[in-house]
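Each chain, letter by letter, is given below.
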Amino acid sequence: RKEVEQDPGPFNVPEGATVAFNCTYSNSASQSFFWYRQDCRKEPKLLMSVYSSGNEDGRFTAQLNRASQYISLLIRDSKLSDSATYLCVVNLNTDKLIFGTGTRLQVFP
Amino acid sequence: DTAVSQTPKYLVTQMGNDKSIKCEQNLGHDTMYWYKQDSKKFLKIMFSYNNKELIINETVPNRFSPKSPDKAHLNLHINSLELGDSAVYFCASRHTKTGRTVTEAFFGQGTRLTVV
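Chains as they are written, first to last, in my numbering: chain A, 110 to 218; chain B, 22 to 137.
These are computed hints drawn from the structure, not numbers from a lab. Do not rely on the hints blindly, as some may be mistaken.
[To be verified] Subject to a maximum C-alpha distance of 25 angstroms in a straight line, what follows is the list of computed DSS-like cross-link-like pairs (lysine-lysine):
| id | chain 1 | residue 1 | chain 2 | residue 2 |
| --- | --- | --- | --- | --- |
| 1 | B | K61 | B | K73 |
| 2 | A | K154 | B | K30 |
| 3 | B | K30 | A | K111 |
| 4 | A | K111 | B | K65 |
| 5 | A | K154 | B | K61 |
| 6 | B | K92 | B | K40 |
| 7 | A | K205 | B | K62 |
| 8 | A | K111 | A | K188 |
| 9 | A | K111 | B | K57 |
| 10 | B | K30 | B | K43 |
[To be verified] If you want the footprint, here are the derived chain A segments under chain B, 3+ residues with CB under 8 angstroms:
| id | region |
| --- | --- |
| 11 | 123 to 131 |
| 12 | 204 to 214 |
Ideal Cβ positions, reconstructed from N, Cα and C, are used throughout, including at glycine.
Just chain A, same shape as in the assembly:
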């Protein structure tokens, strides 16, 4: 089983749609969680950290369920510029950052 699993997609959604991505992780000792965004042929960049109580940043909402070892990202009112690959990232207590395979999002007009 992969340490961090994501549905690779692609998710093709129209502008204005709400889309949700899920991620599961296998190591219950994982301490920190992040969503990164990677555009084609670019480096990954932090989208948002994921806190235990859930957190929101504009149109983006992240949730963490430690009992189920599950992380989610919700994007509301999708924009064309949201088209990218979204990477779920888990930090083990050894300072090891483990990336999921990514979920590709394509927003169309």
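Model the placement of chain B on the given structure of chain A, informed by the hints.
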């Protein structure tokens, strides 16, 4: 004033050659990483250094040898390059001792290595 910079950005070389990729960060971070992103876009950790000390070495062939001359630099040397080494290599850095609950990693722009 790039935070994490890698050179070169592109590298095309023949099988069997030896090559190096350099990485420098000006963020004052104490931990640096090398990741490999293959054709399937999976980002896999290779090495992690904390304060010049090797912390993580993920079953990488010993043809790959990282070197950290100081906290701000982590270079990757690859001997006897093989076709399967073709990938994008990303350097990253972060703080691991800030007292904050979470610390993000910052990535360099990547080095696209093609072995022919």
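Hint-by-hint comparison with the structure:
1. B:K61 - B:K73: 31 angstroms, violated
2. A:K154 - B:K30: Within the cut-off at roughly 18 angstroms; holds.
3. B:K30 - A:K111: Violated, because 30 angstroms separates the two Cα atoms, which is more than 25 angstroms.
4. A:K111 - B:K65: 12 angstroms, holds
5. A:K154 - B:K61: At roughly 19 angstroms apart (the allowed maximum being 25 angstroms), B:K61 and A:K154 satisfy the hint.
6. B:K92 - B:K40: Distance ~22 angstroms between B:K92 and B:K40 Cα, so the pair holds.
7. A:K205 - B:K62: 19 angstroms, holds
8. A:K111 - A:K188: With Cα atoms ~31 angstroms apart, A:K111 and A:K188 exceed 25 angstroms; violated.
9. A:K111 - B:K57: Given that 25 angstroms is the threshold and the Cα spacing comes to 17 angstroms, the pair holds.
10. B:K30 - B:K43: 10 angstroms, holds
11. 123 to 131: Violated, because only 0 residues of the region 123 to 131 of chain A bring their Cβ atoms closer than 8 angstroms to Cβ atoms of chain B.
12. 204 to 214: n = 7 at 8 angstroms, threshold three: holds.
Hint compliance for this structure: hints 1, 3, 8, 11 are broken, all remaining hints hold.
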